[in-house]
Amino acid sequence: MKLLELSEVSAAYGAVQALRGLDLVVGEGEIVTLLGANGAGKSTTLRSISGLLTPNAGEIRFAGQVISGLHPEKVVRLGIAHVPEGRRVFPGLSVRENIMLGASNRRIARAEMARDTAEMFALFPDIARFADTLGWMLSGGQQQMVALARGLMARPRLLLLDEPSLGLAPLIVQQVFRIIARIRETGTTVLLVEQNARIALSVADRGYVLETGRLVVSGKPDALWNNEEVRAAYLGGKRLSEEQKPA
Amino acid sequence: MAIILQLLFTGLGIGAVYALVALGFVLIYRATNVVNFAQGQFAMLGGYCMVITTVDLGLPYWLGILITLVVMAGFGAIFNLGVYYPLRHRSFLPVVISTIGASILITNLVLGLYGPEPTTLPGVIDFPGVSLGAVFLDSQYLVIIAVTLILVLLQYFFFEHTLVGKKMQAVSQDKEVASLLGINVTGMIMLTFAYSAVLGGIAGVLVAPILFVSVGLGAQIALKAFAASIIGGFGDVPGAIAGGLIIGVAETLGAFYISVPYKDAFAFILLFAFLLIRPQGIFGEKVSQKA
Numbered sequence: 001m002k003l004l005e006l007s008e009v010s011a012a013y014g015a016v017q018a019l020r021g022l023d024l025v026v027g028e029g030e031i032v033t034l035l036g037a038n039g040a041g042k043s044t045t046l047r048s049i050s051g052l053l054t055p056n057a058g059e060i061r062f063a064g065q066v067i068s069g070l071h072p073e074k075v076v077r078l079g080i081a082h083v084p085e086g087r088r089v090f091p092g093l094s095v096r097e098n099i100m101l102g103a104s105n106r107r108i109a110r111a112e113m114a115r116d117t118a119e120m121f122a123l124f125p126d127i128a129r130f131a132d133t134l135g136w137m138l139s140g141g142q143q144q145m146v147a148l149a150r151g152l153m154a155r156p157r158l159l160l161l162d163e164p165s166l167g168l169a170p171l172i173v174q175q176v177f178r179i180i181a182r183i184r185e186t187g188t189t190v191l192l193v194e195q196n197a198r199i200a201l202s203v204a205d206r207g208y209v210l211e212t213g214r215l216v217v218s219g220k221p222d223a224l225w226n227n228e229e230v231r232a233a234y235l236g237g238k239r240l241s242e243e244q245k246p247a
Numbered sequence: 001m002a003i004i005l006q007l008l009f010t011g012l013g014i015g016a017v018y019a020l021v022a023l024g025f026v027l028i029y030r031a032t033n034v035v036n037f038a039q040g041q042f043a044m045l046g047g048y049c050m051v052i053t054t055v056d057l058g059l060p061y062w063l064g065i066l067i068t069l070v071v072m073a074g075f076g077a078i079f080n081l082g083v084y085y086p087l088r089h090r091s092f093l094p095v096v097i098s099t100i101g102a103s104i105l106i107t108n109l110v111l112g113l114y115g116p117e118p119t120t121l122p123g124v125i126d127f128p129g130v131s132l133g134a135v136f137l138d139s140q141y142l143v144i145i146a147v148t149l150i151l152v153l154l155q156y157f158f159f160e161h162t163l164v165g166k167k168m169q170a171v172s173q174d175k176e177v178a179s180l181l182g183i184n185v186t187g188m189i190m191l192t193f194a195y196s197a198v199l200g201g202i203a204g205v206l207v208a209p210i211l212f213v214s215v216g217l218g219a220q221i222a223l224k225a226f227a228a229s230i231i232g233g234f235g236d237v238p239g240a241i242a243g244g245l246i247i248g249v250a251e252t253l254g255a256f257y258i259s260v261p262y263k264d265a266f267a268f269i270l271l272f273a274f275l276l277i278r279p280q281g282i283f284g285e286k287v288s289q290k291a
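If you read the sequences in order, they're chains A and B. Letter 186 of the first sequence, counting from 1, is numbered 186 in the numbering used here, and no numbers are missing. Letter 220 of the second sequence, counting from 1, is numbered 220 in the numbering used here, and no numbers are missing.
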C-alpha cells in the first residue's frame, strides 16, 4: 500500500531549482533511502514533504490526502515526523524537555507525555542519564539519539530522517542504524536521506538515486549496489570491492 | 550610612521599572531576533490607560489596573499582527524600522488625543510610607519592588515549569524545528508580544505616580531599559534584571553625589564603560543558551 507518493514534484530556493519533477513512492512499513551527491535534492525532498518548503509544481500525497503546501504544523499532525539534518536539538532545553516537545503534535495530557518520554529513555538507554542535561552539552551521537527520540514522540506513521550519520564516529553510526532498523519493526515507515550509501542500503528495502533534482535510478539495494555506473557516480566510487558490499 | 541606604532603596525602585521594560526587550528579541523600539511606548500606554480609567472615568484603582492589563495584552497582539507579522520573513532591518515607525505613530496618536500636557496619577495606596530608622520607605517604591519581584518569580515559574513556557523557549531557539514538532510558532510569538506589552504596561502603571504621565515617558524609560539590557548582556533574562537595577542605583547615586542635572547621563556613561570594557555584558557569555 502506498503511504507516500510524490508526483512530478518541483521545488526551488529562490531562483535555484532544487527538484525537477521528482516521482517517488514509499509503501507502508518500508525503509526507503534517498541517495545522491551534495545538492542532488535529497534534503529538499524531505523539506517539501514536511512542509518547510512549498513545491512550485507537482503533488505530494500522504495516505491518499494531498499534503503539498500544508504548513509543517499541520503535516506533523497527520503523522509525518521530520528529523532534520544537523539534529537541531534545542540547545537551551534539557534532554527530557527536548523529547517531551516531540509530542506537541498530539493533544495528550502531561502525564501521558511523561510516560511516553520514559518509554523513549528505555529505547535509548544511552541518553537516559543525561535527562536533565541541556541540549548543547551533548555529543553529536547523543544529540542524534535525542533527535530520533523527539521524532518518535510524534508517534509518526512516516519518519523522515535527514543524514542521521552526519559527523558521527563509525561505531555511533552503527548504533544509530541498529535503532533505525528497530524503528521499522514497530511498524513505522522510514524515508532516509544519507550520504553514506553503504550503511543506508544495508537497512533499506529500496533506494532512489538523485542527481541535480532528478531521479536517476531506483531499485533494490543489491541492484543499486551492483550497478557500476551508479556506484561510480553516486555511491562512493569503484574502489570498493565485492566483499564490501552490504549484507 | 542612612543616606546611602535611602539612595539604594530609591535606586532599586526606579531600577525595577527599567528592568521590567528591559525584560520586554529581551523576550521579544529572543522570540523574533529583533529589537522592538516601541517597548517604551508600551509603558507610556500603560500609564495613560490608568489615567483615563481611574482619573478621567473615575473607576476604582483595581478595575483600572485590570482594564489596563487586558488592553495591553490586546495591544501587544495587535502590534504583533501589524508591525511584526507581515515582515516576519524579512531580515532584521525592515522589522526594526517598522517598530521605530510604530513607536512614532503611537507617540503622536497619544499626543493628538491627549495633548502635550503631562498629567499625574495617584499611587496605589494612599499611605505615604514607613520609616525604618533613618530610612524612609516610600510606599510607591515598595509597591514597585514587590510587584517586580512577584512578576520575575511568576515569569521564572512560567518559563521553567509550564509546557507553554517550554514551547516559547523552543520557538525562540529554533523556529523551524519547533514548527516541525507541531508547535504553533505564530501563536507563541503572538503570546510573547502580548506578554511583553503587559510587562511594559505594568512598568508604566508603576512609574506613573513617580514621574509625570506624558508622551515623553516612553522614550525616557526605554532608552535606559535598552542600556540596561546591553549592560546585562543582550538577550539574557537575569542580565536584563541586573542591568535595570544597576542603572537605577547608579543614576540615583550619581544624581546625589555628582550632579542632579546630569542624572540622565549616568546610565549612558555606564553603557559606554561597559561597551568599552565588557561589550558582551555581565552575563554575555551565556547568550543564546537559556531563557
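For the record, the hints were derived by calculation from the structure and aren't laboratory data. Computed from a predicted model, the values in this text were never measured in an experiment. Note that CB positions come from ideal geometry on N, CA and C, so glycine has one too. Don't take each hint at face value.
[To be verified] Here are a few chain A residues that face chain B, going by a calculated C-beta distance under 8 Å: (1) 79; (2) 82; (3) 101.
[To be verified] If you anchor each label on the Cβ, the simulated ranges turn out as follows: (4) A:119 to B:78: 38 to 44 Å; (5) A:106 to B:92: 44 to 50 Å; (6) A:226 to B:184: 58 to 64 Å; (7) B:101 to A:126: 48 to 54 Å; (8) B:134 to A:137: 19 to 25 Å.
### Query
Regarding residue 134 of chain B and residue 137 of chain A, is the given constraint of 19 to 25 Å on their beta-carbon distance met?
50 Å, violated
### Query
Does the Cβ pair residue 101 of chain B, residue 126 of chain A satisfy 48 to 54 Å?
52 Å, holds
### Message
Less than 8 Å between beta-carbons is the criterion; does residue 79 of chain A satisfy it with respect to chain B?
### Response
11 Å, violated
### Query
Was the hint right that residue 101 of chain A lines chain B, CB cutoff 8 Å?
Result: holds, 5 Å to nearest chain B Cβ.
### Query
So does residue 119 of chain A sit 38 to 44 Å from residue 78 of chain B, Cβ to Cβ?
43 Å, holds
#### Entry: Status of the hint placing residue 82 of chain A at chain B (closest C-beta pair under 8 Å)
Interface hint status for residue 82 of chain A: holds (5 Å vs cutoff 8 Å).
### Task
Can you let me know if the beta-carbon spacing of residue 226 of chain A and residue 184 of chain B is within 58 to 64 Å?
48 Å, violated
### Query
At the C-beta level, are residue 106 of chain A and residue 92 of chain B separated by a distance inside 44 to 50 Å?
35 Å, violated
In summary, the structure is inconsistent with hints 1, 5, 6 and 8 from the numbered list given earlier, while agreeing with the others.
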